[in-house]
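Go by the hints and put chain B onto chain A.
Sequence order for the protein chains is A and B. Position 64, counted from 1, in the first sequence is what my numbering calls 64; the numbers after and before it change by one each time, with no gaps. Position 137, counted from 1, in the second sequence is what my numbering calls 385; the numbers after and before it change by one each time, with no gaps.
Treat the hints with care, as some may be off.
Straight-line alpha carbon distances no greater than 27 Å define the calculated DSS-like cross-link-like pairs of lysine-lysine that follow [said to hold, decoys possible]: (1) Lys111/A with Lys325/B; (2) Lys429/B with Lys338/B; (3) Lys429/B with Lys111/A; (4) Lys338/B with Lys325/B.
Source of the hints: derived by calculation from the structure; they are not laboratory data. In this text, all values refer to a predicted model and were calculated from it rather than measured experimentally.
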Amino acid sequence: MKLTLRIWRQAGPAEPGRMVAYEVPDANPDMSFLELLDVLNERLTLEGEDPVTFDHDCREGICGSCGVVINGQAHGPRALTTTCQLHVRSFSDGDVIDIEPWRSVAFGVLKDLMVDRSGLDRIIQAGGYISAPTGSAPEAHSTPVPKPIADSAFDNATCIGCGACVAACPNGSAMLFTSAKVAHLNSLPQGAPERASRVLNLVEAMDAEGFGGCTNTGECTNACPKGIPMDSIATLNREYLRASLGRK
Amino acid sequence: MAVTGLLMLLFLIVHMLGNLKIFFGRTDFDHYAHWLRTIGNPVLHESWYLWIQRFVLVVAVVLHAVSAYQLSRRDLKARPTKYSHHQRAKAGYATHIMRYGGITLALFIVYHILDFTTLTLNRHGVDGAAYDNIVSSFSVWWVTAIYIAAMICLGLHIQHGFWSAAQTLGYNRPSRDRAFKGAATGLAVLLTVGFLIVPVSVLAGLVD
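Isolated chain A, as found in the complex (with noise of 0.2 Å):
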């Protein structure tokens, strides 16, 4: 397959960037979309340029490194799917694809593709943790968990943190990504006794970073490859409303 690539490239934070455009002549449909930029890359290297910097680490779709946004969509045109897990073969011979790093304030491009996304951590840090004693694991019947708790707390733990629902969100909202942890957290008995601080801390964190605001577009839940859906920010807004009234 031949493929022309568009690709972000600036050199630096504060460098000014640009598209440019790289042809891969020989793109084999089965490659995954981060190894078609090592084939670029191998090229660019032996050819004495500066290969194209991005993000990755697992490429199996669950650490939440990669990520870039590719034809104007998070991810990429396949649902579900992270960019490491995305196939050459989602694309058409002579398609050009363009490639762009996540755009929002709170995530500074560090170099072509690569972002900053502490700012991500940063909110975790705020909240998105339980006081758990430390010591042996407890015995698991003694808590019982609801069996559609756990599963809804367990469908928005899948969260990794990848960052696409800002670059997706026309405002560069972090409210899925916030509102995963508070609905995966908020939820269970072992997450109760932060129950309200942690929504109040965590959206504290969220707005200190520079995020936009969310107005339910819904882009973000697009492009989430993990399906955090937006009843999620529902009750994140349930959950900071009920603890800014102060109802324990």
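Structure of chain B alone, referenced to chain A:
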């Protein structure tokens, strides 16, 4: 935005139902228009209730607009660099048009008040002759056209706004999502059609 929006929505439902009284004829409608000024009598003085309601509505509109402005400013600041490949939106037209639709509605409200409350722009313009004032405005095709455009904006605004309010206030849950989305569309259609029956009927000569 959710609370003020719902307050305005409540007013619009009552406003729309009241408008339909025009089909009972001139005497009935003018009597209804006069009665609006006597609500709360004798506890409240003539028109006091109306002024209280106007005050509450103006506060709601202003708070709604200020919130929208603050949210928009914050949102535009959060995405300083646009994507060079335009994003394909999943969100519908109603969601996409919220900001411009809201501005259009604000301008329309000013026009609407100048037309039927202050009667500044009204062709008939006789205080208390609500029925004839309405007929005189809607007999002009382009006035009716403005109302049609504005009410379509209103319907779209409500379609996204009502469901969005359910999200913002935390009332939405997976089991209620379809109900809220259905109610939003239902309210949007009900209000758009309900409001437009009057001008269209006047223009069609059914009310004169």
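Hint by hint, here is what the structure shows:
A threshold of 27 Å between alpha carbons decides the hint, and for lysine 111/A with lysine 325/B the separation of about 21 Å falls inside it, so the pair holds. Proximity of lysine 429/B to lysine 338/B is assessed by CA-CA distance (about 16 Å); at most 27 Å being required, the pair is judged to hold. As the CA atoms of lysine 429/B and lysine 111/A are separated by approximately 42 Å, the hinted pair breaks the 27 Å bound. Using a Cα cut-off of 27 Å, the hinted pair lysine 338/B and lysine 325/B holds, with the two alpha carbons roughly 22 Å apart.
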